[in-house]
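Chains A and B are the protein sequences, given in the same order.
Okay, so the first sequence: first residue is 1 according to this note's numbering, each after it adds one.
Okay, so the second sequence: first residue is 1 according to this note's numbering, each after it adds one.
Calculated from the structure, these hints are not laboratory results.
Treat the hints with care, since some could be wrong.
Said to hold, decoys possible - Listed next, the in silico DSSO-like pairs over lysine-lysine satisfying Cα-Cα at most 27 Å (straight line):
| hint | chain 1 | residue 1 | chain 2 | residue 2 |
| --- | --- | --- | --- | --- |
| 1 | A | 241 | A | 252 |
| 2 | B | 252 | A | 139 |
| 3 | B | 252 | A | 153 |
| 4 | B | 252 | B | 4 |
| 5 | A | 241 | B | 248 |
| 6 | B | 253 | A | 99 |
| 7 | A | 99 | B | 249 |
| 8 | A | 99 | A | 252 |
| 9 | B | 249 | B | 4 |
| 10 | B | 248 | B | 4 |
| 11 | A | 139 | A | 153 |
| 12 | A | 252 | B | 253 |
| 13 | B | 253 | B | 4 |
Said to hold, decoys possible - Chain A residues, not near chain B, derived (Cβ > 12 Å throughout):
| hint | residue |
| --- | --- |
| 14 | 89 |
| 15 | 114 |
| 16 | 233 |
| 17 | 300 |
| 18 | 304 |
None of these values were measured; they are calculated from a predicted model.
Built from N, CA and C at the ideal position, the CB exists for glycine as well.
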Amino acid sequence: MGIGIRIEELRKVYDTPPPSAARGGGFTFTPMRTAGPKEKKKKFEVVALDSISLEIRAGEIFGLLGPNGAGKSTTIGILTTRTQPTSGRAFIGEFDVWKQQVQAKLLIGVVPQRPNLDFALTAREILLFHGAYFGQSAKERARRADALIEKFKLTDRADHMVRGYSGGMMQRLSIARAMMHDPEVLFLDEPSAGLDPQTRLLLWEVIRDYNRQGKTIVLTTHYMDEADSLCERLAIIDHGKIIAQGTPKELKSSIPGGYLLRLRFDRVPDELLAQLRAVPGVSEVRSTDGTATDVYADRGGTLISGIVSSAQAAGVELRDVHISEPSLETLFLHHTGRSLRD
Amino acid sequence: MNWKTFYAMLSRDGHVARRNLVPMLMQNLLQPMLLTFVFGRILTTSGMMQMSYKNVLLPGIIAISMVLSGIQAVAMPLIAEFQFTREIEDRLLAPMETHWLAVEKIVAGMIQALVSGLVVIPCAWLLMGSGINLSFAQPLEFAAICLLVALLSASGGLTLGCSIGQTQIGLMFSMVVAPMMMFGCAYYPWSALASFRILQYAVLINPLVYASEGLRGTLAPQVPHIPLLYIIGALALMDVLLLVVGLKKFVKKAVS
């Protein structure tokens with residue numbers, strides 16, 4: 001039986017710089033903000049999450065998509081007991097993450113944004129001790145560590161200190177470590193950032209494979225294609241708010257006139273443009289040069305017959321058609337007015 | 001409380017300590033040995049110090065090495081593991097309440113402090129040569145003081161380790177550790193400060209004073225020292241204080 005996740009009205013305000021910023025802690029020689037002479041010293045405050053609610057179903061691959069600083073990592077931080085919510089509640093299965101930390105921790109595995117491997121140990125020791133922290137017997141953890149080392153192609157350097165590992169190897173080991181205690185829910189914070197395409201595909205396969213065992217997967221990403229091809233459902237998050245959620249398909253079809261049909265004719269008389277605008281479902285027609293025409297519409301292939309008859313009526317020849325499905329990029333643009341990569 | 005997890009973390013620290021045994025011994029032993037040789041051998045043999053000074057010095061050296069090694073054993077890894085690599089995160093995610101990880105660090109630090117202190121005794125004894133006159137007539141008091149000092153150094157290490165960042169380690173040594181050693185009554189008994197009244201009372205905030213005086217009181221009771229009861233009381237008080245502050249700081253630092 002898989003484990004679902006519920007987030008209720010979660011809010012997080014940082015009054016110190018968030019954990020990703022290098023913190024000196026204790027005393028610091030460079031004050032965060034220096035107030036003007038008369039102005040009252042302003043407190044450092046960042047609203048990372050602004051009252052979000054979410055439900056992640058047991059056994060699904062759920063994606064949190066958004067630009068840097070949107071609140072994705074904070075959400076993961078709260079769900080993995082590493083960040084205290086300012087208000088609101090989060091549940092892993094039936095356990096309140098903040099109040100029943102130990103029970104929640106037993107159910108989750110976490111792959112952090114930046115590898116936080118134990119540099120004092122070798123790869124194999126990292127897995128073995130991780131298993132021991134979760135109470136596995138010596139025999140069981142040796143067996144599991146061997147299997148994971150094999151699976152993640154770390155056999156050659158399994159007994160080396162991880163200090164000398166490449167970024168990709170560290171990432172693979174981080175995932176292996178998160179799976180070591182066979183958690184019901186696996187969190188991956190930007191798992192494919194900085195990975196080469198081949199390793200990325202391996203990672204996707206590993207994630208799908210783990211999901212097939214009935215495990216719930218939560219990942220954050222700012223790659224559209226990753227969210228699109230990997231996630232069953234998505235929440236798009238920006239400035240600490242969820243701006244849309246649903247399956248990738250639902251989200252894309254929620255944009256009015258989300259389809260783009262790029263057409264090419266032998267010539268484009270004004271009469272043709274008027275004809276095209278009259279086709280039901282077309283929201284906008286733009287002629288970019290003498291032959292190419294972009295048609296924005298709420299549907300794709302079903303418009304072709306209408307376009308062909310418009311062309312025939314105008315006496316022009318249709319030479320090429322390319323249909324672009326609505327993308328998450330256009331969706332994000334639609335909701336926020338800016339590109340996801342900004 | 002999940003003892004399996006606690007024990008696994010303790011064995012992880014033990015494993016890492018064993019791997020770094022030689023550099024760790026050098027780090028913990030070299031300085032006390034040099035001090036012992038210069039003050040306990042050269043200065044006494046040359047006649048610049050009386051032979052009985054050896055009895056004043058040895059408990060002080062034990063106190064210094066216990067306190068320093070306990071602080072280092074806890075503070076240094078903590079500072080490194082809380083830096084941007086956040087290495088400690090894998091243990092924070094283990095199925096155990098956050099503060100128990102700090103307790104585990106303290107237990108590991110205490111073991112390291114006790115081992116350093118116990119290793120220093122025979123080494124220093126050998127280095128100082130003849131004329132040393134230690135008493136083991138109060139084993140219970142000695143054990144109690146050793147445990148209290150070990151706890152003091154480990155919880156001090158926790159507090160320090162959670163208060164400063166990597167860039168401030170040098171500053172910590174020159175501003176906290178160095179004055180602590182000099183005014184810790186390790187090289188002289190507390191009574192020797194009698195002619196510096198203000199200083200004599202000011203140093204009482206220094207935990208090393210109680211460590212040195214306590215070990216002196218149990219190992220070399222013939223040397224003047226603060227009464228053991230006061231020492232045990234003061235050590236216990238400081239232990240509790242540093243433990244509470246250290247645990248609070250740790251939990252605050254562990255959770256964002």
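Right, here's what the structure says about each hint:
no.	hint	verdict
1	241/A x 252/A	holds, 19 Å
2	252/B x 139/A	violated, 36 Å
3	252/B x 153/A	violated, 38 Å
4	252/B x 4/B	holds, 25 Å
5	241/A x 248/B	violated, 32 Å
6	253/B x 99/A	holds, 18 Å
7	99/A x 249/B	holds, 20 Å
8	99/A x 252/A	violated, 37 Å
9	249/B x 4/B	holds, 25 Å
10	248/B x 4/B	holds, 24 Å
11	139/A x 153/A	holds, 21 Å
12	252/A x 253/B	violated, 41 Å
13	253/B x 4/B	holds, 24 Å
14	89	holds, 16 Å
15	114	violated, 7 Å
16	233	holds, 25 Å
17	300	holds, 45 Å
18	304	holds, 54 Å
Figure legend: structure checked against the earlier numbered hints; hints not met, in rising order: 2, 3, 5, 8, 12 and 15.
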